[in-house]
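Asks: Taken in order, these protein sequences are the chains called X and G. FYI, in this note's numbering the residues of the first sequence are 1192 to 1555. FYI, in this note's numbering the residues of the second sequence are 1192 to 1555.
Treat the hints as calculated values from the structure; they're not laboratory data. Any given hint could turn out to be false.
Repeated chains share a single entry, so a pair holds when one copy, or any two copies, can fit it.
Here are the simulated BS3-like pairs of lysine-lysine, each with C-alpha atoms no more than 27 angstroms apart in a straight line [as the list claims (entries may be wrong)]:
#, residue 1, residue 2
1, K1392, K1305
2, K1305, K1354
3, K1314, K1392
There are 2 protein chains.
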Amino acid sequence: MATEQVLHMNGGTGETSYANNSTFQKNAILRTNHIMEECITKLYRTTLPECLKVADLGCSSGPNTLMVASTIVKIVDAVSQTLNQDPPMFQFFLNDLYGNDFNTIFKSLPDFYKRMEEEIGHKFGPCFISGTPGTFYGRLFPNHSIHFFHSSSTLHWLSQIPKELNSEAGKSMNKRAICPTSESPPGVHKAYSEQFQRDLKVFLRSRSEELIPGGAMVLAFIISDQNHNIKGWEVFGGIFNDMVSEHMVEKRKLDSFNISSYFPTAEEVRQVIEEEGSFNIQRMEKTIYDTMESVMEIGNEDEDTFAERLTKTMRAATEPIFKAEFGEEIMDEYFTRLQSKIIQLHRVERLKGANLIVHMTKDT
Amino acid sequence: MATEQVLHMNGGTGETSYANNSTFQKNAILRTNHIMEECITKLYRTTLPECLKVADLGCSSGPNTLMVASTIVKIVDAVSQTLNQDPPMFQFFLNDLYGNDFNTIFKSLPDFYKRMEEEIGHKFGPCFISGTPGTFYGRLFPNHSIHFFHSSSTLHWLSQIPKELNSEAGKSMNKRAICPTSESPPGVHKAYSEQFQRDLKVFLRSRSEELIPGGAMVLAFIISDQNHNIKGWEVFGGIFNDMVSEHMVEKRKLDSFNISSYFPTAEEVRQVIEEEGSFNIQRMEKTIYDTMESVMEIGNEDEDTFAERLTKTMRAATEPIFKAEFGEEIMDEYFTRLQSKIIQLHRVERLKGANLIVHMTKDT
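Sequences are here, hints too, so could you generate the full structure?
Replies: Here it is as structure tokens:
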């Protein structure tokens, strides 16, 4: 099935929903705050629009969805005060794939408006919010119609499984794994990396057509880095492998399945942006974060709680795609195993992940 | 509860859903086609935008939701051909209240795009679709950002129950009825009419701020007219009254309930538009339609099928609001009675309804 049709976070507001399990992604967004502030301040001061138009790409559905809007409104409000003028109108476009749960976002808007009025006060100007479904690997908005794009923890999802992985006979060259691993045949890593590069170029080209001259973009990537030790999809694949050995998952299914996701290095991201050529990189910042801190309250070091939360986070983000392939009936068992695996890995060495935040602008 | 929070068509795609019971509203939209053609042709020829921006207000969720988009794309495509130039890009905003089922609309978009490409061919340019939730009795879009507004069978829903209906002690002056009737105390009809006028003025003022100079609007109203004989909400109220007599509905509940809906006359609509002053009426057309024909295939005169379909239509549009007030448990019984009542009325005299279509433009 096409990635576009099965990829979405778990909907609704229940126990396994993304809405209730997205602290990890929230912290990823928070890590962009200082760069957002620098970027939006400069953008607003130089363009001073009557209406600031912003799109958040891959917004998902949960408490994080409106965080970017709220952050931007507050930054612009503060800048307006220093300029001694009224803040502009805002138009926010929330984008995600067609299967995203937009209803839950939309029902939360009256509360969002109320909260913003309480926080910002009576000067909080009209703020128009729309949902724009569709893939960001292609056009989403008219030419020159957006001032600022934001996208966080999204661009590791590819538009499709690299076609090169399958032979003409339809056999996958990457058996028993769901992603490139150190044991993958030559060509697997290359196929993933090239798919990522093609996708990111289409993304950049589309956004540059949609941005007004002088517009800007802040992207946050989950990356591969020598200083972090999370093996990402390898851990997920390992559990499926165990379940094949125990006859709980058909070997045939695992052999043919590959995940449409790739974690690039910072260098790869820089190279694609430079090759594509529409944007100037203003700042590029790598963060190594402690995974436990990214899902727990400060000071809480309980490893069971940690493993449970991290598992729920991963489940909310991956269950729709795994379910479509391996069936709903093994999901509980699968994620119970993931939870044990997390504890096991954490005991060997504290888990760390890596983010890359890029602030870039389009030429005026 | 505020109208805004309970008013929405029945969601999903099940038997009582609006999606499956909206032929009536579809026919109301079809009746606007010749005026849409006249309006869009003129608008497109005079503005020739790179991207034509359109909003459909009160779009609901079902097969009708994308009808307006599809109609406009086809009209513009035909005009472009006569002008021997490529069609523009399109940006459509689908608006309805926060509780509307946008997820079902968004999931249908890939099929919509496919169908349009098949019908229009390869020249079908980028068509960007967003959902914009919120009340149209207020601002929804930035200043001067829309070329054309459409709204059909929506403006009889008021923003609220007229406040004048309730005494200071919170008692309704309109007991045993849910709308103004010939037996209502003086003041009830006036309160409804004035609420309608206030609401329509806010609507017109908001749209005129959002339209580009020279922008246009086509509105279709369900109206009261001496040449039609549907008593509208009186029939609905009568059934609640019967159920009070049979102790199936609490008298207290009916006494305090009024519907937030009003069917104006054509003259009232004209007067409000003229008084508000932002728009020039280009054309105003009244249609008296046969209710049976508006829910049945041509030539099908079976009265049981007719009553069943009309009941389902009414149920899809009113159940959320009645359920919130009178409880889900009486809904099946209520609509069974409505179905019998429709047959009874139809046997006395063939049912007829009235529409008013207004094409208006904003000064350039």
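Asks: Work down the list of hints and note, for each, if the structure agrees.
Replies: Quick rundown of the hints versus the structure:
1. In this assembly of identical chains, the alpha carbons of K1392 and K1305 lie at most 27 angstroms apart only when taken from different copies (25 angstroms versus 39 angstroms within one copy).
2. For a Cα distance limit of 27 angstroms, the shortest separation of K1305 from K1354 across copies, 23 angstroms, qualifies, whereas the shortest one inside one copy, 48 angstroms, does not.
3. For the homomeric pair K1314 and K1392, the shortest alpha-carbon distance between copies (25 angstroms) is at most 27 angstroms, but the shortest distance inside one copy (40 angstroms) is not.
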